[in-house]
Every structure is written in structure tokens, then in C-alpha cells.
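Residue numbers (the numbering used here), protein chains in the order written: chain D, 1 to 259; chain X, 260 to 517.
Take the hints with a grain of salt, since some may be wrong.
Keeping only pairs whose Cα atoms sit at most 27 Å apart, straight-line, the calculated DSS-like set for lysine-lysine is [stated by the list, open to error]:
| hint | chain 1 | residue 1 | chain 2 | residue 2 |
| --- | --- | --- | --- | --- |
| 1 | X | Lys283 | D | Lys155 |
| 2 | X | Lys356 | D | Lys61 |
| 3 | D | Lys53 | X | Lys508 |
| 4 | X | Lys396 | X | Lys484 |
| 5 | D | Lys194 | X | Lys356 |
| 6 | D | Lys130 | D | Lys155 |
| 7 | X | Lys280 | X | Lys355 |
| 8 | D | Lys176 | D | Lys61 |
| 9 | D | Lys176 | X | Lys396 |
| 10 | D | Lys130 | X | Lys356 |
| 11 | X | Lys316 | X | Lys280 |
| 12 | X | Lys356 | X | Lys508 |
| 13 | D | Lys130 | X | Lys396 |
| 14 | D | Lys155 | X | Lys484 |
| 15 | D | Lys130 | D | Lys53 |
| 16 | D | Lys176 | D | Lys194 |
| 17 | D | Lys155 | D | Lys194 |
| 18 | D | Lys61 | D | Lys194 |
| 19 | D | Lys130 | X | Lys280 |
| 20 | X | Lys356 | D | Lys53 |
| 21 | X | Lys283 | X | Lys396 |
| 22 | X | Lys356 | X | Lys280 |
| 23 | X | Lys283 | D | Lys130 |
| 24 | X | Lys355 | D | Lys53 |
| 25 | X | Lys355 | X | Lys283 |
| 26 | D | Lys155 | X | Lys356 |
| 27 | D | Lys176 | D | Lys130 |
| 28 | D | Lys176 | X | Lys462 |
| 29 | X | Lys508 | D | Lys155 |
No lab work stands behind these hints: they were computed from the structure.
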Amino acid sequence: MSDRKPVSTSVAVKLENVTQRFRVIHERPDTLREIFARLFRSEAGFHDFDAVKNVSLEVPKGQMLGLVGRNGSGKSTLLKIIAGVYRPTIGTVSVQGSIAPLIELGAGFHIELTGRENIVLSGLLMGYSKREMLEREQSIIEFADIGDFIDAPVKQYSSGMHTRLAFAIATEVDPKVLIIDEILSVGDAGFQRKSFERIENFRRAGKTILFVSHSIAQVITHCDRAVLLEHGSVVADGSPTEVAEVYNGLLAMPTPVAQ
Amino acid sequence: MRELIAETYRYRELIWALTAKELKVRYKRSVLGFLWALLNPALMMVVLTLVFSTIMKFPIPHYSIFLLSVLLPWTFFSQSLSYAVDSIVGNGELIKKVAVPKLVFPIAALGSNIVNLLLSMIPLAILVPLMGHPFYKTWLYLPIPMVALIIFTAGMTFFFAAANVYYRDVAHIVQILLSAWFYFTPIIYALDFIPAQYQWIFKLNPMIYMVNGFRLAVYYGVLPKWPSIAMSFASAFGMLFIGFSVFRKFQDDFVFYV
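For reference, chain D alone in the conformation it holds in the complex:
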């Protein structure tokens, strides 16, 4: 977590020459026993794979950026680098302020605990204090709109309830940077309306939003700017309509194999 120094006040997220290299080892021994067995055999082969190749990107504060790309383009890897889950092999990442990664927030839920307990737990995972979470607990519960289930173990939730709760938590904690994906399509019309309203409020409040989507239409509707990734590199960066054209061109070509 030490490469993430704050940058100048107008930039929310900055990536400089970021490369994420995975070494794919053919049959890596994962028990000590296998190592002994291998002492008498030749080295297993490996190859390096760059999921993200030398990406430099600056996201000004208050921008809503749409990140698009086909499967295997490096989108999720890039997001994980920004969220601090991965430390890049080369390059630096700087994020000004707190991040709420909605997409994976539900992963932090412990299924044996209740929704209410998970509100606090999710907040703690993001680095907030228990007091802060308890202050916001009521508004989170109201927004998520899952009724009495808030006091039932999360394992009983439908996937929709799961998402609504995660979204409520992620947006209520007032992060500087919000990362969301198209799972916003979950929930009834009322919830979707509330969600987009909340996102608009975020924008007006000058927060930065990274919106990942396969739906270029949603990106055109909501985003100020779009970035298209292909094979780990940025191939288009600009207004959503322009990027959409490049994207559509790409879609006509065969899909890369996700490694």
C-alpha cells in the first residue's frame, strides 16, 4: 500500500506506466512433496503474460469515466490495480481519497452474519471506523429497501438484495472514488431510479466515478469520457460516442482468449 501517494488536488486517479505481469508457470508445484519430486526432473516451463501493458491514465476529480473493453481486455485487472488489490509489476498508482469498489463489495459479506452486521464489517474492510458506519446504518438500511431481512443472515438473501445492500453501503460511505459496474441493472425500476439519482448526486458533489460496462449505450448516456481497453492497452480515450465507434469496430473482430 506504499505506492499510493496522493497527487495534486485536481486529479483523483493517476496511473503511470502501469504494467501487470503474470507469470504463468506450467504446473507450478504447490506442495513441498512435488518440489522433491521435481529435483530429479527438468524445470517446468513458464511464460509471462501482461494483463495490463504500460497504461498511463489520469482521471480528474468529478469525472465519470466509462471503462469498456471485451472479455480479456484487462478491465478487471486495471480496476483491481486502482482499488489497491493488486500491486502493479511496473509503474505507480495514486488515488486521492477513499475508494468504494462496489463490484466486489458484496464479496466482503460474511454469509453467516446479518445484513446489519455486514454493514459494519464492509465499512471496516474499506477502512472506516465502526462509529462512522453506525451513524450511516439507518440511511443504508432505508436505501437498500430489503425490509426485515436486514436482521437475517446474508446467506438467505437473493442476489438482488445482496446487490442492493452492497450498493447502499458503497454509496453511503461517501467515498471520493466510486467504482461501479453494470450490475446496476439489478432491482426494480424504483431502485434503479434511486441508484441513478444517487450517482447523479455524486457527480454534482464532485466525486469521481469509474463505470465499467459492456453496454456502450449506458456509457454514452452517463459518462463524460470513455476509455477502451484491448489486450491490456488503451486503444481509445475520449468522448463516449467516439470511443463507441472504435469499440463497435473491435466487436466485429474475433474475441481474444481470456488467459
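Chain D is fixed; fit chain X onto it per the hints.
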């Protein structure tokens, strides 16, 4: 080292929440719930007392107290290690999704076992007067060997939790190691039972210094000598330094192997 303390403090609420969750989940499904923390060592004590006091007739008065005074800290050590060795791998899904300092996982595993250790002291405290054994003032000394033991255990858990990420059979190896170590440490027996010429081998075992303080304080009612205390803290901090250095070196890499 400063980083360890700083990050632990910063994330103390999360660690506590994970500890509480661990304790809750561990006992939620069982009928006896929290009582298991007390029952486990109690059962072990009954069996071992039966064997070594009644059947094999060790010449040790109040054998169950002699035994329990060291068995409880040992149980803390072995349980902590067993739980923590899998703490990174077991939380793999979470680590792959949310950026969280990795050290919270082994520390939380440690935390729930610290609670168990403290709780298990209660039946011991009840047993002492029950058996007519003097309740020494030296019980007040106990926090000191406890701290040393916790630090030592923390170092070991960091090391093995990291190792287990790369080599999944480390968890099994730890179990085997603990079994052997159990017999190598004077838990069931007293060090005097070992012939003098071999005692030096046993004295290489750092656990002796860790648990010695417990037995001396509870059973004998005396304090350990300074060299012994010094050795216990030296081993404790040494282990912590080694364990955490290894952990720290590889922690950013874990996410790619879980």
C-alpha cells in the same frame, strides 16, 4: 516492526470484528457453544491426569494442576498456529476483491485464541482451591509469560501463514510439527525427568521458556529466574521479527496465489 504496530492499530476494529465473527461462527453451530473453549482442555486434562497420575504414577502431587498450567498455554499456541496457517488462503476470495492489509487475518486468528486462553484460565482458577493446592500470589505474574507467548506465536503464525500460500501442504506439516513439539516440551512431564546429559537438547526448545513461566507461577508459586525471562522474550521477539519480515516480503504477492 513499526509498520506492524501501526497497521494493527489502524485496523484494530476490523481485527476485533473478524475475531468476534470467528468466535461466533466457531461456536454458533455447537450445542455447548462457548463452553467448548473450556471443555476441550478440561477433557484433555482429565484423560492425561488419569493416565499419568493414576496409571503410570508420576511422582507429582496435584498432577492435574501441574499439567494444566502448561497445557493451557500450549493449547493456545497450537490452536493459534493451526487456525492461522490457513488464514490467508481461507480468506482468499476476500483478498482478491477488497484491498485490506493482509496481516489482519493471522492476527484475528490469534485474537480468537487469546480470548479462549483467557476463558480457559477460569476452570484452572477454580480447580486450584478445589484440589487443595495453594493459590499463589504469583498468578499476578501471568500476564508477562502470556505476552511473550503471544508475541512468539504471532511470529510463527506470520511465517506459516505466508508459507502456506505457496505450498499448501504446510498446513499438514504444521500439524505434524505440533505433535512432535508437544512431546519435546515438558508438558506432560517435568524437565528433571530427562537424563542430565540430554537435557541440553531439550533446552534448545524455545517453548520451554515460554511455558515455564506459567508452570512456575501457578504450580510452584515462584517466579522464573532472569535468564529464563530474558530467553523467553528474546525468542519471542526474534521469532516475530523473522516471521513478520517473511510475511511482509511476500504479502503483496499473496493475491496472485490464493
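Here's how the hints hold up against the structure:
1. For the suggested pair Lys283(X) and Lys155(D), the alpha carbons sit about 16 Å apart, so the restraint of at most 27 Å is met.
2. Taken as a hint, the Lys356(X) and Lys61(D) pair is honoured in the structure, with Cα atoms around 24 Å apart against an allowance of 27 Å.
3. Using a Cα cut-off of 27 Å, the hinted pair Lys53(D) and Lys508(X) holds, with the two alpha carbons roughly 25 Å apart.
4. With a C-alpha separation of about 17 Å, the suggested pair Lys396(X) and Lys484(X) falls inside the 27 Å cut-off, and the hint holds.
5. Distance hint between Lys194(D) and Lys356(X) is fulfilled; the C-alpha atoms sit about 26 Å from each other, no more than 27 Å.
6. A threshold of 27 Å between alpha carbons decides the hint, and for Lys130(D) with Lys155(D) the separation of about 23 Å falls inside it, so the pair holds.
7. Between Lys280(X) and Lys355(X) the CA atoms are separated by roughly 20 Å; this keeps the pair inside 27 Å, and the hint holds.
8. A distance of roughly 9 Å separates the Cα atoms of Lys176(D) and Lys61(D); the hinted pair therefore holds under the 27 Å criterion.
9. With a C-alpha separation of about 56 Å, the suggested pairing of Lys176(D) with Lys396(X) is violated against the 27 Å cut-off.
10. At most 27 Å may separate the alpha-carbon atoms for a hinted pair to count; Lys130(D) and Lys356(X) meet this at roughly 21 Å.
11. Between Lys316(X) and Lys280(X), the direct Cα distance comes to roughly 43 Å. Violation of the 27 Å bound is thereby established for this hinted pair.
12. Pair hint Lys356(X) plus Lys508(X) holds up; C-alpha atoms about 21 Å apart against a cutoff of 27 Å.
13. A C-alpha spacing of about 39 Å is found between Lys130(D) and Lys396(X), which places the hinted pair above 27 Å, so the restraint is violated.
14. Among the hinted pairs, Lys155(D) with Lys484(X) is inconsistent with the structure: their alpha-carbon atoms are about 54 Å apart, more than 27 Å.
15. For the given pair, Lys130(D) sits about 39 Å from Lys53(D) by alpha-carbon distance, which is inconsistent with the 27 Å threshold.
16. Using a Cα cut-off of 27 Å, the hinted pair Lys176(D) and Lys194(D) holds, with the two alpha carbons roughly 20 Å apart.
17. The straight-line distance between the Cα atoms of Lys155(D) and Lys194(D) is roughly 25 Å, inside the 27 Å bound, and the hint therefore holds.
18. Proposed proximity of Lys61(D) and Lys194(D) is supported: the alpha carbons are some 23 Å apart, at most 27 Å.
19. Proximity of Lys130(D) to Lys280(X) is assessed by CA-CA distance (about 15 Å); at most 27 Å being required, the pair is judged to hold.
20. For the hint linking Lys356(X) to Lys53(D), the alpha-carbon distance of about 21 Å falls within 27 Å, and the restraint holds.
21. For the hint linking Lys283(X) to Lys396(X), the alpha-carbon distance of about 34 Å lies beyond 27 Å, and the restraint is violated.
22. Between Lys356(X) and Lys280(X), the direct Cα distance comes to roughly 19 Å. Compliance with the 27 Å bound is thereby established for this hinted pair.
23. In summary, the hint linking Lys283(X) to Lys130(D) is supported, as the alpha carbons are separated by about 18 Å, within the 27 Å threshold.
24. At most 27 Å may separate the alpha-carbon atoms for a hinted pair to count; Lys355(X) and Lys53(D) meet this at roughly 20 Å.
25. Taken as a hint, the Lys355(X) and Lys283(X) pair is honoured in the structure, with Cα atoms around 24 Å apart against an allowance of 27 Å.
26. Only pairs whose Cα atoms come within 27 Å are accepted, and Lys155(D) paired with Lys356(X) is accepted, the gap being roughly 19 Å.
27. For the hint pairing Lys176(D) with Lys130(D), the CA-to-CA distance comes to about 19 Å; that is within 27 Å, so the pair holds.
28. Only pairs whose Cα atoms come within 27 Å are accepted, and Lys176(D) paired with Lys462(X) is rejected, the gap being roughly 56 Å.
29. A threshold of 27 Å between alpha carbons decides the hint, and for Lys508(X) with Lys155(D) the separation of about 36 Å lies outside it, so the pair is violated.
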